[in-house]
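Undergrad: The chain contents come next:
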Amino acid sequence: MTDHFIEDKSNKVTVDVEGHDGKVDFNDLKTGGFIKQRQKDLFAVRLRCPGGRLSTDKLVEISKLAHKYSKKSVVHFSFRQSLEILYVDYKDFHELVAELKKIGQEVASCGPRVRVPTACGGCEYNPNGLTDTQAMAKMVDEKFFGTRTPHKFKTCFSGCPIDCARTKEMDYGFQGVVEPVWDEEACTGCTICSEACKEDAIEAHPVSGKPIFDPMKCIYCGDCIRACPTETWKAKRYGHIVRIGGKHGRHPMESVEVCKFLPDEKVPDAIHKTVEWYNANGKRGERIGNTLKRVGLTHYLDYMEPVFKSGSPADWVVPAQGVKKD
Amino acid sequence: MTEETKANASLDLRGVVCPINFVKAKLKLDMLETGEVLELMLDSGEPIQNVPKSIKEEGHKILEVKKLDGYFSLKVQKG
Numbered sequence: 131m132t133d134h135f136i137e138d139k140s141n142k143v144t145v146d147v148e149g150h151d152g153k154v155d156f157n158d159l160k161t162g163g164f165i166k167q168r169q170k171d172l173f174a175v176r177l178r179c180p181g182g183r184l185s186t187d188k189l190v191e192i193s194k195l196a197h198k199y200s201k202k203s204v205v206h207f208s209f210r211q212s213l214e215i216l217y218v219d220y221k222d223f224h225e226l227v228a229e230l231k232k233i234g235q236e237v238a239s240c241g242p243r244v245r246v247p248t249a250c251g252g253c254e255y256n257p258n259g260l261t262d263t264q265a266m267a268k269m270v271d272e273k274f275f276g277t278r279t280p281h282k283f284k285t286c287f288s289g290c291p292i293d294c295a296r297t298k299e300m301d302y303g304f305q306g307v308v309e310p311v312w313d314e315e316a317c318t319g320c321t322i323c324s325e326a327c328k329e330d331a332i333e334a335h336p337v338s339g340k341p342i343f344d345p346m347k348c349i350y351c352g353d354c355i356r357a358c359p360t361e362t363w364k365a366k367r368y369g370h371i372v373r374i375g376g377k378h379g380r381h382p383m384e385s386v387e388v389c390k391f392l393p394d395e396k397v398p399d400a401i402h403k404t405v406e407w408y409n410a411n412g413k414r415g416e417r418i419g420n421t422l423k424r425v426g427l428t429h430y431l432d433y434m435e436p437v438f439k440s441g442s443p444a445d446w447v448v449p450a451q452g453v454k455k456d
Numbered sequence: 010m011t012e013e014t015k016a017n018a019s020l021d022l023r024g025v026v027c028p029i030n031f032v033k034a035k036l037k038l039d040m041l042e043t044g045e046v047l048e049l050m051l052d053s054g055e056p057i058q059n060v061p062k063s064i065k066e067e068g069h070k071i072l073e074v075k076k077l078d079g080y081f082s083l084k085v086q087k088g
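Sequence order for the protein chains is U and A. Using our numbering, read the first sequence as starting at 131 and increasing by one per residue. Using our numbering, read the second sequence as starting at 10 and increasing by one per residue.
Pulled out of the complex, with its shape left as it was, chain A reads as follows (with noise of 0.2 Å):
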């Protein structure tokens, strides 16, 4: 990863189930304006195995993911 894309708006989803996490990135997304940035956190296993899936499917943009302690975080941007 290159510098870091400044995030418009976040929203921690850890702890949160599939695919109730899913549904809030979602909602969140669609509050932003095409091309602003959502940055996302998700617990490992199943959360990051799903969730980049069905944003990407949506027509969004993955522009960094970061893996953290348990956790990963990503920013996203809206298409």
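Isolated chain U, as found in the complex (with noise of 0.2 Å):
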């Protein structure tokens, strides 16, 4: 699927549509996720699907509306977990609309703007998770969608290291961590932590079986949390890596950390603060990993200091836990 929106085309058309004037802007449709295809006439009407998470219910209804208005008879997953009903007529824009509407499914956005947010399964039921990314993506979505830019914008959240989202390729990513603490008293030495961490940040003490904590290895995964038997290592708090910068695309960039454990609540406070940067000092076209090399990173920083100060800044680590080496 080309990315051809149809941007800046500037023009009107007059076309037959049943029970309309006949009117459609094309400058309207920039709006909506409606995306110019190969073929004379038809379109990709891309869904707004948050976090790629739809009830049964809706997808039956949507599956209705595809077959009746693809000409093909075809969806697409976006890459970026929305749904696409391809090669739809553009004289059926306005029907096919109301007809999602009433079914409780909006058109999703393309151009330079705030991009539905993208999300991996999360703590709700991926084992690995530490934050609820389908709650967040959800949150952002309401309360973001389709803010302009000065180029897109594209938000998503892992729940964990791993990192499935992407967020070291997005515009603005946050990923769950989650910072251990060790209790000496109930620990038995059982080294099940040691094995348990794939980053060797903990090694087993070689007689008494207890950890020696690496704070630089440690990448919050809580890998030891879960593994420990006897609730030894426990979460002092889980949070978001916030991650700026990065982008696909023909000239790839990966972002930089900006904060670590950034409190769920803060979330939406760092979003709208950083598109308020983002439209003060960014160029029309220019993504905002760009906007960062050319004013600088510091000034980002300074003007997300009263948000970023409820996490822990970005070169902080955990202090070293467990026992001595010798």
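No wet-lab data here; the hints were simulated from the structure. Note that CB positions come from ideal geometry on N, CA and C, so glycine has one too. Just to be clear, a hint being listed does not mean it is correct.
Dumping the calculated PhoX-like pairs for lysine-lysine here, alpha-carbon to alpha-carbon at most 20 Å [as the list claims (entries may be wrong)]:
(1) A:Lys65 with U:Lys364
(2) U:Lys366 with U:Lys347
(3) A:Lys37 with A:Lys65
(4) U:Lys231 with U:Lys188
(5) A:Lys70 with U:Lys364
(6) A:Lys76 with U:Lys328
(7) U:Lys403 with U:Lys364
(8) U:Lys166 with U:Lys282
(9) U:Lys268 with U:Lys403
(10) U:Lys328 with A:Lys65
(11) A:Lys37 with A:Lys15
(12) U:Lys347 with U:Lys282
With the Cβ distance kept under 8 Å, some of the chain A side facing chain U (calculated, not the full set) [claimed, not checked]:
(13) Ser53
(14) Ile71
(15) Val74
(16) Lys76
Got two chains here, each in a separate frame; can you build the complex from them with the hints?
TA: Put into structure tokens, the structure is as follows:
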């Protein structure tokens, strides 16, 4: 699927649409998820599915509409988890949108604005999940979807350091983390944590078996907490690593980490202020990663300080824990 | 570890890969009564990284862990 949304064509066409007075403003389409196809008059209609989650009831209804309006009876799962109804004649837009509305399904958005957030399954049902990514995606979609920005602004939520939602290549990404704390009294020296840690951040003491923890290696996945039979490793706090300025495309960029352990309730503030900063500093057609390069990360961090101070600075590390090496 | 807990059943999962080892442990635990103890033998590496987490998440209690030569012996109490 090409991403030729009909932006800036500034043309208005008159078409025969039954029951309407026949005006389709192509400029209006850019705010909606109508994506021009190679085939004449045909468009892909991108639905708004934050986090890629749909109720089965809705899916059945969407399926009926796709069957009715897709000239080829096909849908496509977009790379950002939204369902696209392919081969829709633009003369059917009004009717399709009205029918979608009836079942509570909105159309997504293209162009220079906050896009539908993506998310993994999160802590609701994924055993690795540390944050409720689905709830966060829903919240961000409700609060920020469609907000104008200098260029597209993609957000995502990963529930753990495996980072399936790819926060490292997102304009603004949130990845779940947990800070582990160890309680010597309850520890039996069973060594399971040192086995469970895939980062070699925990070494078992050769005699007592108790953990020797290297904070520099910890990526806050919580495997030690999950594996510990005696609840000796506990969660001190959950939060998000915040990453900014990543993108894929022709010239991929890796995002930079700007905050650790940002609590759930600060996520809306972080997005709000970041969009504010982007709109104040970004040039038209410039992704936020490039704005950061041009204006400077420090400028952004200064602006974000009131929000990010509720987390930890990006270079923060958990204190060393466990028994001494010798 | 203090004195050893007596096991009601034993299952040697050495050489059994993930997640089959967990499924086998789960099936064995299903046959026990709540409070009874299953002794499990698990290889180092992936099995010991994954199986104890899953056992805990299913609501069972790991009472004892012994590190032996290249493998682990666990005592699991059915929850």
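Undergrad: Now look at each hint and say whether the structure bears it out.
TA: Do the hints match the structure? See the list:
For the given pair, Lys65 (chain A) sits about 14 Å from Lys364 (chain U) by alpha-carbon distance, which is consistent with the 20 Å threshold. Between the alpha carbons of Lys366 (chain U) and Lys347 (chain U) the distance comes to roughly 18 Å, so the proposed pair stays at or under 20 Å and holds. A hinted pair counts as satisfied when its Cα atoms are at most 20 Å apart, and Lys37 (chain A) with Lys65 (chain A) qualifies at roughly 15 Å. For a cut-off of 20 Å, the pair hint linking Lys231 (chain U) to Lys188 (chain U) stands: about 11 Å separates their Cα positions.
A threshold of 20 Å between alpha carbons decides the hint, and for Lys70 (chain A) with Lys364 (chain U) the separation of about 16 Å falls inside it, so the pair holds. Taking the CA atoms of Lys76 (chain A) and Lys328 (chain U), the gap is about 18 Å. The hint holds against a cut of 20 Å. Of the supplied pair hints, the one linking Lys403 (chain U) and Lys364 (chain U) is violated, its CA atoms being roughly 33 Å apart against a limit of 20 Å. Of the supplied pair hints, the one linking Lys166 (chain U) and Lys282 (chain U) holds, its CA atoms being roughly 18 Å apart against a limit of 20 Å.
Of the supplied pair hints, the one linking Lys268 (chain U) and Lys403 (chain U) holds, its CA atoms being roughly 19 Å apart against a limit of 20 Å. Using a Cα cut-off of 20 Å, the hinted pair Lys328 (chain U) and Lys65 (chain A) holds, with the two alpha carbons roughly 19 Å apart. Under the criterion of a C-alpha separation no larger than 20 Å, the hint pairing Lys37 (chain A) with Lys15 (chain A) is consistent with the structure, at around 16 Å. With a C-alpha separation of about 34 Å, the suggested pairing of Lys347 (chain U) with Lys282 (chain U) is violated against the 20 Å cut-off.
Because the beta carbon of Ser53 (chain A) sits about 7 Å from the nearest beta carbon in chain U, less than 8 Å, this interface hint is met. At a threshold of 8 Å, the smallest CB-CB gap from Ile71 (chain A) to chain U is about 3 Å, leaving the interface hint in force. Annotation: Val74 (chain A) was flagged as interfacial toward chain U, and the flag holds, the nearest CB pair being 4 Å apart, inside 8 Å. Taken as an interface hint, Lys76 (chain A) checks out: its beta carbon lies about 5 Å from the nearest beta carbon of chain U, inside 8 Å.
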